[in-house]
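Chains as they are written, first to last, in the working numbering: chain A, 1 to 293; chain B, 294 to 638.
The set of hints was computed from the structure by calculation and includes no laboratory data.
Fair warning: there could be bad hints in the mix.
[Unchecked claim] Derived pair list, reagent style DMTMM-like, types lysine to aspartate or glutamate, alpha-carbon separation capped at 25 Å: (1) B/LYS543 <-> B/GLU485; (2) B/LYS623 <-> A/ASP39; (3) B/LYS623 <-> A/ASP268; (4) B/LYS623 <-> B/ASP633; (5) A/LYS285 <-> B/ASP633; (6) B/LYS364 <-> A/GLU30; (7) A/LYS65 <-> B/ASP638; (8) B/LYS623 <-> A/GLU249; (9) A/LYS54 <-> B/ASP373.
[Claimed, not checked] Derived, one-sided and incomplete: chain A residues facing chain B with beta-carbon distance under 7 Å: (10) ARG57; (11) SER107; (12) THR155; (13) ASP233; (14) ALA280.
Idealized CB from N, CA, C, for every residue including glycine.
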Amino acid sequence: MSEKSEKHDERLSVLKTYKLFVGGTFPRSESGRVYEVTDSQDRWLANAPLASRKDARDAVVAARKAFGGWSGATAYNRGQILYRIAEMLEGRRDQFGHEVARAEGLSRTKATAAVEAAIDRWVWYAGWTDKIAQVAGGGNPVAGPFFNVSSPEPTGVVAVLAPQESSFLGLVSVIAPVIATGNTAVVVASETSPLPALSLGEVLATSDLPGGVVNVLSGRTAEIAAPLAAHQDVNAIDLTGAGEALAKELEIAAADNLKRVLRPQPVDWAADPGTGRLLAFLETKTVWHPMGV
Amino acid sequence: MTSDYARRYAHLVTMPTTVPAYGTEAAERLASMADVTASDSALRRFLHGLPGVDAVGLQARAATLGTRSIKTTAKAYAIDLAISMIDLTTLEGADTPGKVRALCAKGINPDPTDRTVPRVAAICVYGDMVATAKEALRGSGVQVAAVATAFPSGRAALPVKLADTREAVAAGADEIDMVIDRGAFLSGRYLEVFEEIRRVKEACLREDGTAAHLKVIFETGELQTYDNVRRASWLAMLAGADFIKTSTGKVAVNATPPVTLVLLEAVRDFRAATGVQVGVKPAGGIRTSKDAIKYLVMVNETLGEEWLSPEWFRFGASSLLNDLLMQRQKLSTGRYSGPDYVTVD
Chain A
1 MSEKSEKHDE RLSVLKTYKL FVGGTFPRSE SGRVYEVTDS QDRWLANAPL
51 ASRKDARDAV VAARKAFGGW SGATAYNRGQ ILYRIAEMLE GRRDQFGHEV
101 ARAEGLSRTK ATAAVEAAID RWVWYAGWTD KIAQVAGGGN PVAGPFFNVS
151 SPEPTGVVAV LAPQESSFLG LVSVIAPVIA TGNTAVVVAS ETSPLPALSL
201 GEVLATSDLP GGVVNVLSGR TAEIAAPLAA HQDVNAIDLT GAGEALAKEL
251 EIAAADNLKR VLRPQPVDWA ADPGTGRLLA FLETKTVWHP MGV
Chain B
294 MTSDYARRYA HLVTMPTTVP AYGTEAAERL ASMADVTASD SALRRFLHGL
344 PGVDAVGLQA RAATLGTRSI KTTAKAYAID LAISMIDLTT LEGADTPGKV
394 RALCAKGINP DPTDRTVPRV AAICVYGDMV ATAKEALRGS GVQVAAVATA
444 FPSGRAALPV KLADTREAVA AGADEIDMVI DRGAFLSGRY LEVFEEIRRV
494 KEACLREDGT AAHLKVIFET GELQTYDNVR RASWLAMLAG ADFIKTSTGK
544 VAVNATPPVT LVLLEAVRDF RAATGVQVGV KPAGGIRTSK DAIKYLVMVN
594 ETLGEEWLSP EWFRFGASSL LNDLLMQRQK LSTGRYSGPD YVTVD
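Put together the whole structure using the sequences plus the hints.
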């Protein structure tokens with residue numbers, strides 16, 4: 001809007017309407033609200049939907065509906081789909097490079113590097129889908145005539161507060177481990193730079209990922225996170241994007257139905273993430289099976 | 294002064310009060326309409342003489358009534374009212390006595406964590422489960438409704454249908470949900486349908502002179518047009534239905550707001566014409582609190598408060614109750630509830 005190119009004077013600019021991504025579709029906020037998203041220099045970029053608690057509620061319903069199918073899919077199949085997401089992202093590298101550069105005020109080179117790191121992260125987590133069970137589970141030696149086997153199971157619907165500063169690499173680094181193990185996610189995008197997250201929804205919609213496995217909301221983190229933390233049908237919450245005061249408040253609300261809580265901690269998103277985030281949203285199921293006879 | 298006059302001339306006024314369809318006076322009122330049901334041709338003339346339904350206007354009206362915003366205390370009232378109006382239904386081939394007993398327990402006490410939740414109006418089962426349900430509901434005030442007359446298709450000979458009804462009544466059913474013969478209705482044999490309803494109503498009589506209330510199901514999804522729904526409504530009410538009900542819940546199209554509005558208007562006009570009050574029961578496809586509240590708004594706007602009680606308006610539903618309970622929990626705790634906190638049935 002602000003930069004009107006001389007060359008294309010006769011052509012009307014086509015502005016993108018950013019929308020939420022809920023249940024595999026792109027609705028506007030139920031409330032009809034939007035807010036202005038600006039770049040690092042405070043120049044207007046776009047209007048993003050300002051999601052309300054009812055959007056959060058709808059997203060949880062969508063995530064719950066998708067949980068059965070996604071957690072029931074084979075780990076190998078989930079890996080293929082995650083890899084497919086990386087493939088789709090690869091094709092839109094420039095678009096994301098552009099969005100990340102504007103959102104975070106990075107140079108194009110640095111932004112592209114961040115996007116490439118994010119794509120590599122999808123691939124990395126895609127590889128983990130059918131391997132995490134070997135790391136987190138296995139046979140247990142027990143003093144009795146039993147086979148005793150522990151296996152990690154997805155915990156359910158996970159609310160994810162995406163990091164505020166790292167709008168894309170950080171975002172991918174919190175979503176991918178949640179869904180890799182079979183959870184479904186309701187993601188609250190970075191409040192100041194939600195555009196890469198909303199565009200990621202378009203990629204997810206075209207990557208064989210079943211609708212509802214990832215739901216992306218944009219808006220005021222505090223407003224959306226509160227009902228999610230208190231929601232009885234959300235099984236875990238990742239507080240990465242919450243400030244200290246908000247995180248404490250959300251943790252108290254989350255205690256009500258014994259949600260798993262991942263507290264915010266300083267993270268270098270570019271570094272090797274390890275398996276910590278994969279393991280944070282798993283339950284261990286242990287089976288005793290009589291041996292012999 | 295005015296009241297003196299009213300009292301003195303009360304007996305001269307032809308229709309001073311409204312009487313319930315299940316009362317004894319209703320039969321006298323219906324007798325005043327006997328000329329229209331005297332013969333097949335008279336009945337056809339009457340039913341086809343009913344004003345046609347303006348489909349576009351009807352749908353617009355139903356849609357408008359669905360846009361009311363019902364919040365906070367009004368919503369809490371509406372949710373409790375809706376719970377108390379539910380005919381909690383299980384009509385599966387796989388119904389077992391255990392499942393029926395579980396459903397009855399839920400009907401008496403829908404939310405075990407909250408004793409302030411009202412009980413449902415009735416438990417709706419197949420005829421052979423009536424005794425089980427009756428036993429499980431003893432002393433609770435929850436009614437037992439039984440579907441009868443070859444539910445859901447209605448394709449059986451009349452003696453079979455009557456026997457089906459008598460069986461259910463003998464087993465203790467408080468209410469009978471019958472289906473009309475859509476084949477006869479659609480081919481224009483109105484008097485046949487009329488007689489059938491009348492015979493079933495007679496079969497609802499118990500030995501002690503009381504009678505099970507009769508709900509007549511039209512299966513509006515199979516009646517094709519709104520005009521037919523209006524005709525069926527009048528036909529059933531003339532034949533003595535205590536309640537008129539949209540659907541069985543067994544076909545693709547069940548209760549919709551426009552169709553229910555036709556029923557409500559028919560009931561309103563029927564009372565204006567005869568002074569007999571008939572109940573309405575939309576059934577099938579009502580799954581969310583929001584939908585239920587829309588129906589309540591429609592009842593209030595079309596018929597008024599007199600119908601806003603379980604005696605005159607029911608929901609035929611099974612999963613609706615869970616959603617109402619979750620909404621109720623949300624209102625009382627401020628937290629969104631989830632399906633983990635209601636029973637799976």
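Hints versus structure:
A C-alpha spacing of about 24 Å is found between B/LYS543 and B/GLU485, which places the hinted pair at or below 25 Å, so the restraint holds. The hinted pair formed by B/LYS623 and A/ASP39 fails the criterion: a straight-line CA distance of about 38 Å is larger than 25 Å. Restraint check: the Cα-Cα separation between B/LYS623 and A/ASP268 comes to about 39 Å, which exceeds 25 Å; the hinted pair is violated. Restraint check: the Cα-Cα separation between B/LYS623 and B/ASP633 comes to about 14 Å, which is no more than 25 Å; the hinted pair holds.
A hinted pair counts as satisfied when its Cα atoms are at most 25 Å apart, and A/LYS285 with B/ASP633 qualifies at roughly 19 Å. For the proposed pair B/LYS364 and A/GLU30, the alpha carbon gap of about 16 Å is at most 25 Å, so the pair holds. Between the alpha carbons of A/LYS65 and B/ASP638 the distance comes to roughly 18 Å, so the proposed pair stays at or under 25 Å and holds. Between the alpha carbons of B/LYS623 and A/GLU249 the distance comes to roughly 19 Å, so the proposed pair stays at or under 25 Å and holds.
Restraint check for A/LYS54 and B/ASP373: the C-alpha separation of about 22 Å stays at or below 25 Å, so the hint holds. For A/ARG57, the shortest C-beta to C-beta distance to chain B is roughly 5 Å, which falls under 7 Å, so the interface hint holds. Hint status for A/SER107 relative to chain B: violated, with the closest Cβ pair at about 43 Å, above 7 Å. Because the beta carbon of A/THR155 sits about 13 Å from the nearest beta carbon in chain B, more than 7 Å, this interface hint is broken.
Because the closest C-beta pair between A/ASP233 and chain B is about 2 Å apart, less than 7 Å, the hint holds. Checking A/ALA280 against chain B: minimum C-beta separation of about 21 Å lies over 7 Å; hint violated.
Violated hints, in rising order: 2, 3, 11, 12, 14; the structure is consistent with all others.
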